[in-house]
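Peer 1: Take a look at the letters that make up each chain.
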Amino acid sequence: MNTPSFIVKSALRNPRRTILTITSIAVSLAMIVVLQSVLKLFFDPTAERKETIPRIVARHRVSLTLDLPITYEAKIRTVDGVQDLTTMSWFGGIYKDEKLENQFPRFGVDLDDFFKVFTEFTPDENFQQALAERSAAVVGDQLMKRYGWKVGDRITLKGDIYPVDLELTIRSVFSGNDPAANADILVFDKKYLDESLGETQRAGSYFIMVRSPKEVERVCQEIEALFRNSDAEVRAETEKAFQLSFVEMLGNIKLLFSSLISVVVFSILLIASSTMAMAIRERTREIAVLKTLGFSRETVTLMVVAEGMLVSLAGGILGVGGAWLVLPRPPLFLALAAFLAVLAAIGLPTLLLAILLPEDETGRTGPNSVRSILLKYGPWVATVLASLIAGMVFYLNLNTDWFKFSGGILPFLNVRTETVVFGSLVALGIGIASSAIPAWNAARLRVLDGLRTIG
Amino acid sequence: MEQTLSSEQPAPNVSSEPNEVVAEVRSLSKIHTLASGQVVALDKATLDINRQDFLALMGPSGSGKSTLLYILAGIDRATSGECRVLGFDLSTMNETALASWRNRYVGFVFQNFNLVPVLTAEENVELPLLLTKLSRADRRKQARTALDLVGLADRTHHTPRQLSGGQQQRVAIARAIATDPDLILADEPTGNLDASSAEEVLNIFKLLNTELGKTIIMVTHDPHASRSAKTVRYLEKGQLLAPGQKPRDW
Numbered sequence: 001m002n003t004p005s006f007i008v009k010s011a012l013r014n015p016r017r018t019i020l021t022i023t024s025i026a027v028s029l030a031m032i033v034v035l036q037s038v039l040k041l042f043f044d045p046t047a048e049r050k051e052t053i054p055r056i057v058a059r060h061r062v063s064l065t066l067d068l069p070i071t072y073e074a075k076i077r078t079v080d081g082v083q084d085l086t087t088m089s090w091f092g093g094i095y096k097d098e099k100l101e102n103q104f105p106r107f108g109v110d111l112d113d114f115f116k117v118f119t120e121f122t123p124d125e126n127f128q129q130a131l132a133e134r135s136a137a138v139v140g141d142q143l144m145k146r147y148g149w150k151v152g153d154r155i156t157l158k159g160d161i162y163p164v165d166l167e168l169t170i171r172s173v174f175s176g177n178d179p180a181a182n183a184d185i186l187v188f189d190k191k192y193l194d195e196s197l198g199e200t201q202r203a204g205s206y207f208i209m210v211r212s213p214k215e216v217e218r219v220c221q222e223i224e225a226l227f228r229n230s231d232a233e234v235r236a237e238t239e240k241a242f243q244l245s246f247v248e249m250l251g252n253i254k255l256l257f258s259s260l261i262s263v264v265v266f267s268i269l270l271i272a273s274s275t276m277a278m279a280i281r282e283r284t285r286e287i288a289v290l291k292t293l294g295f296s297r298e299t300v301t302l303m304v305v306a307e308g309m310l311v312s313l314a315g316g317i318l319g320v321g322g323a324w325l326v327l328p329r330p331p332l333f334l335a336l337a338a339f340l341a342v343l344a345a346i347g348l349p350t351l352l353l354a355i356l357l358p359e360d361e362t363g364r365t366g367p368n369s370v371r372s373i374l375l376k377y378g379p380w381v382a383t384v385l386a387s388l389i390a391g392m393v394f395y396l397n398l399n400t401d402w403f404k405f406s407g408g409i410l411p412f413l414n415v416r417t418e419t420v421v422f423g424s425l426v427a428l429g430i431g432i433a434s435s436a437i438p439a440w441n442a443a444r445l446r447v448l449d450g451l452r453t454i455g
Numbered sequence: 001m002e003q004t005l006s007s008e009q010p011a012p013n014v015s016s017e018p019n020e021v022v023a024e025v026r027s028l029s030k031i032h033t034l035a036s037g038q039v040v041a042l043d044k045a046t047l048d049i050n051r052q053d054f055l056a057l058m059g060p061s062g063s064g065k066s067t068l069l070y071i072l073a074g075i076d077r078a079t080s081g082e083c084r085v086l087g088f089d090l091s092t093m094n095e096t097a098l099a100s101w102r103n104r105y106v107g108f109v110f111q112n113f114n115l116v117p118v119l120t121a122e123e124n125v126e127l128p129l130l131l132t133k134l135s136r137a138d139r140r141k142q143a144r145t146a147l148d149l150v151g152l153a154d155r156t157h158h159t160p161r162q163l164s165g166g167q168q169q170r171v172a173i174a175r176a177i178a179t180d181p182d183l184i185l186a187d188e189p190t191g192n193l194d195a196s197s198a199e200e201v202l203n204i205f206k207l208l209n210t211e212l213g214k215t216i217i218m219v220t221h222d223p224h225a226s227r228s229a230k231t232v233r234y235l236e237k238g239q240l241l242a243p244g245q246k247p248r249d250w
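For the record, the sequence lines run as chains A and B. All the letters of the first sequence, read from the start, carry residue numbers 1 to 455 under my numbering. All the letters of the second sequence, read from the start, carry residue numbers 1 to 250 under my numbering.
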């Protein structure tokens with residue numbers, strides 16, 4: 001036995017209570033991770049990538065729901081610093097049905113210019129064929145994977161905003177140039193929409209590629225100035241600001257989600273604190289005995305805090321892992337899953353074997369018994385193997401398509417590394433905070449008072 | 001997890017001569033201040049305990065024998081007087097230094113065993129060894145040696161619930177001797193045991209005293225238990241009676 005194993009045994013002395021606490025923490029943390037991912041999606045959409053792309057959005061000054069005249073395109077192109085632009089018209093429509101799993105972004109765009117503006121995507125060799133066919137759809141590879149589509153498949157989008165159904169044929173596929181680029185949208189030539197409706201539609205907005213990031217602010221100002229005092233004044237802003245204003249239409253989502261996260265954290269903190277307080281109070285006499293044996297108050301404090309953190313982190317790992325199961329997996333998570341899976345695959349049968357071994361000298365009780373050897377070398381072998389396999393999965397995920405995953409219940413969400421760190425820190429914080437008072441009480445406990453405790 | 005004694009309390013050069021005094025108690029008093037007034041638990045006790053002695057402290061309930069034992073263990077503090085044990089002035093040591101001192105020099109046996117229920121016999125005995133520099137293998141070896149000494153080598157993987165009261169107390173004794181302490185303190189070690197188990201426990205104490213040279217201080221009510229000791233001292237109403245003197249009702 002060593003100190004960590006003593007702490008684990010102490011934490012598991014009331015298995016039912018410990019498992020229930022771990023489950024409560026896990027469920028709460030899964031919820032926190034989902035909420036945090038939604039927040040990140042709305043308020044910090046792949047910031048690290050988009051900050052480096054000097055792309056701006058020109059839209060109607062009054063509302064996102066109002067369109068801009070198509071004639072603006074030519075005028076915007078005259079502004080110094082504008083490199084390329086494409087119209088982006090949200091078609092909406094219904095694919096199959098209105099269920100969440102059948103929702104994905106669909107835009108009518110200037111197909112000729114789309115990939116000059118969205119430089120993080122690269123179309124395949126069939127793109128020229130798509131340009132030649134009016135009803136062609138060009139689809140992101142993640143979306144193709146999610147729905148199992150193939151080039152040549154026909155897709156019907158039933159119009160809801162526009163009074164027309166679009167019959168599209170997938171002619172080309174595009175992919176992201178880096179892992180942060182989510183190729184999960186469908187685009188088609190806006191002229192096909194115009195022809196289907198029998199009239200040229202206005203543009204929902206213009207996405208503009210600027211020559212350099214330094215010119216973004218000036219170009220925004222010049223575009224706005226160009227249409228000032230017109231029937232349709234323009235608001236030009238960075239892509240990030242545009243997405244934020246879109247979200248703001250929904251109300252103060254950030255406050256709502258942040259409040260929800262705070263409430264969940266506070267509730268789970270109360271549950272964990274109550275459990276820890278109960279667990280330590282039941283062991284008052286035992287703590288006094290430990291002190292009699294020579295455990296200092298500092299050691300006792302650390303042991304209680306470690307126990308709290310163990311329970312909390314176990315819940316944290318399960319919770320973050322649970323959230324990850326329903327959200328697309330970044331490489332780090334996949335590696336973590338592989339690590340845990342290998343550990344479990346080796347650890348559980350080993351533990352089972354150690355339990356089932358005959359209680360004799362060679363089986364369990366001898367110093368060189370099978371059990372003793374299993375428990376001595378098993379954890380090391382499992383950890384090394386799990387690390388190797390996790391590293392391999394991580395490498396393959398970054399460098400091949402083998403494990404790239406696109407799907408899940410909430411396919412548009414990503415669990416980012418910072419969300420994982422946030423969830424882990426919350427778990428760690430709950431562990432420390434919930435055990436702080438019991439640890440303080442244990443440290444202050446007078447040995448004599450503890451020994452006189454009944455029970 | 002290793003702890004060291006306070007630098008203000010260097011380890012004394014303790015010899016192992018039988019007549020060397022290991023515990024010096026001078027005018028030791030313990031007074032509890034309650035709302036209803038003061039209660040004198042120990043009244044100016046003075047006592048010398050020699051190395052390799054087996055001392056039984058006897059007396060009626062409330063006579064102060066356990067109070068004296070707990071002060072000697074550094075678990076309780078005296079209100080006044082001096083208490084030097086194994087060369088350490090306990091009154092000047094802080095809680096951390098006292099804990100470390102106990103781990104290194106003192107083994108304690110309780111009346112109701114106080115084993116950790118989720119640990120096996122071997123793990124219970126290993127507990128105080130977690131605070132030492134010993135390797136895992138050495139800790140296990142030492143724990144097994146201690147269990148072997150108390151006759152429980154075949155019960156290493158049993159939890160306290162799977163052991164009888166007498167066996168549990170023997171595990172507790174193994175735990176007390178696992179660190180090879182100079183001094184063993186026992187508070188009513190046979191109080192919860194049947195006659196046969198009590199006899200086994202007393203025999204182990206006698207063995208530890210005579211064969212291994214351990215100094216033992218045992219608090220007991222039981223005249224039979226006290227007969228195992230080399231020296232018996234009585235307390236009455238907080239006062240340590242003179243050698244050979246007994247309380248009036250005994």
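These aren't lab readings, by the way, just hints derived from the structure by calculation. A few of these clues could be false.
Facing chain A, according to a computed beta carbon distance under 10 Å, are these residues of chain B, among others [said to hold, decoys possible]:
#, residue
1, V40
2, D43
3, K44
4, D76
5, S80
6, A97
7, A99
8, R104
9, G107
10, E126
11, L130
12, R140
13, A143
14, T145
15, D148
Each residue gets a CB set at the ideal place from its N, CA and C atoms; glycine is no exception.
Peer 1: Compare the structure with each hint and give your call.
Peer 2: Evaluation of the provided hints:
1. V40: violated, 17 Å
2. D43: Interface hint status for D43 (chain B): violated (19 Å vs cutoff 10 Å).
3. K44: violated, 21 Å
4. D76: holds, 6 Å
5. S80: violated, 18 Å
6. A97: Interface hint status for A97 (chain B): holds (9 Å vs cutoff 10 Å).
7. A99: Holds, about 4 Å.
8. R104: holds, 7 Å
9. G107: holds, 9 Å
10. E126: Nearest chain A Cβ about 5 Å off; hint holds.
11. L130: Hint holds; L130 (chain B) Cβ to chain A Cβ min 5 Å, cut 10 Å.
12. R140: holds, 7 Å
13. A143: holds, 9 Å
14. T145: Since chain A brings no Cβ nearer than about 12 Å to T145 (chain B), farther than 10 Å, the hint is violated.
15. D148: violated, 13 Å
Checked against the numbered hints given earlier, the structure breaks hints 1, 2, 3, 5, 14 and 15 and satisfies all the rest.
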